[in-house]
Amino acid sequence: MVFAWKSAGLSYNRYLAIASRVVRRSLKEDKRIAAERRGETDLRFAKWSNGKQGESKNLVDANSSGMASNAGSASS
Amino acid sequence: MNSLRIARAALRARPAAFRAPLQRRTYADAAPDKIKLTLALPHQVRTPSPIYDGFTMQLPRLAAIFKSQGVVQVNIPAESGDMGVLANHVPAIEQLKPGMIEVVEDGGSSKRFFLSGGFATVQPGSVMSVNAVEGYPLEDFSADAVRAQITEAQKVANGGGSEQDIAEAKIELEVLESLQAALK
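Chains A and B, in that order, are what the protein sequence lines are. For what it's worth, UniProt numbering labels the leading residue of the first sequence as 1, then goes sequentially. For what it's worth, UniProt numbering labels the leading residue of the second sequence as 1, then goes sequentially.
Looking at chain A on its own, in the form it has when it is part of the complex (with noise of 0.2 Å):
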């Protein structure tokens, strides 16, 4: 079974995390609110080389970035 997600070069994670996001966001107005702060990620992080720091990136823009150049690999 090939899943279309995974053909266009989405981790399963990700996809989960776009299905939930999507059902946060159908939710009525009071518990829409209360269940949107769940999708929020902040987290940084950065590559040590030779005992010096690495660029300080965002996990989120990293992870995407990351998935839309897997995107044209992963569809065979």
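It should be emphasised that the hints constitute simulated quantities derived from the structure, not laboratory data. Just so you know, even glycine gets a beta-carbon here, dropped at the ideal spot from N, CA and C. The reader is advised that the hints may include incorrect statements.
The following label-pair restraints were derived from C-beta to C-beta distances [claimed, not checked]:
1) ARG44(A) to SER80(B): 33 to 43 Å
2) LYS155(B) to LYS47(A): 32 to 42 Å
3) ALA34(A) to VAL90(B): 33 to 43 Å
4) GLY108(B) to VAL60(A): 24 to 34 Å
5) LYS111(B) to GLY51(A): 21 to 31 Å
6) SER7(A) to GLY108(B): 41 to 51 Å
7) PRO124(B) to ASP42(A): 36 to 46 Å
8) GLU152(B) to ARG38(A): 17 to 27 Å
9) GLY39(A) to SER80(B): 22 to 32 Å
10) LEU138(B) to ALA62(A): 19 to 29 Å
11) ARG112(B) to ARG44(A): 32 to 42 Å
12) ALA46(A) to GLY108(B): 57 to 67 Å
With chain A's structure known, arrange chain B on it following the hints.
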């Protein structure tokens, strides 16, 4: 020699005498048509570290929609197709599509939830557990919000965005259309 023979006879006699008391009445016998369902959402399960006050250990309490509750039937939207699970189902692992789960309780009343995707496992002995990232009862959804998002996602899916944006919009459309069908 004589006493040995008696002991042997006693040994042989024992199994027959002990067979009867082993037939205990268990929960499974008392309710053979029930399946014990646990439906949990990871964000909902509160797991504070175990507290030990010197006398008793307080373990983290499980918060879930269903906690090992006896139900009659569970209908799940599996990737391999929609399926209904009754008691004494064979063990199974099913990946769930974003879709509606229906739990039929005693007396035929049923509860419906929309899950964003996850996994369901069926264990031997009529034990089932479902884990989903998001899950809400159908009445918590707004049909207007769903309709507005469908228009938005269709625009992106048919637009000239990046391959990834289009793929994400298509996933959103799939979820929204499933949700809209469930709300009808």
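Tested hints:
1. Look at ARG44(A) against SER80(B): about 40 Å separates their beta carbons, and that is inside 33 to 43 Å.
2. At roughly 37 Å, the beta carbons of LYS155(B) and LYS47(A) sit within the given window of 32 to 42 Å.
3. In this structure the supplied range 33 to 43 Å holds for ALA34(A) paired with VAL90(B), their Cβ-Cβ distance being about 39 Å.
4. Here the CB-CB span from GLY108(B) to VAL60(A) is close to 46 Å, at odds with the stated 24 to 34 Å.
5. The supplied range of 21 to 31 Å is broken by LYS111(B) and GLY51(A), whose beta-carbon atoms lie about 58 Å from each other.
6. Distance hint check for SER7(A) and GLY108(B): the Cβ-Cβ separation is about 42 Å, which falls inside the suggested range of 41 to 51 Å.
7. Between PRO124(B) and ASP42(A), the C-beta spacing of about 43 Å keeps the proposed range 36 to 46 Å intact.
8. Remark: the range hint 17 to 27 Å for GLU152(B) to ARG38(A) is upheld by a beta-carbon distance near 21 Å.
9. For GLY39(A) and SER80(B), the Cβ-Cβ distance of about 28 Å falls inside the hinted range of 22 to 32 Å, so the restraint holds.
10. Taken as a hint, the range 19 to 29 Å is violated for the pair LEU138(B) and ALA62(A), whose Cβ atoms sit roughly 37 Å apart.
11. Between ARG112(B) and ARG44(A) the beta carbons are some 40 Å apart, a value that agrees with the proposed interval 32 to 42 Å.
12. At roughly 58 Å, the beta-carbon separation of ALA46(A) and GLY108(B) lies within the given 57 to 67 Å, and the hint holds.
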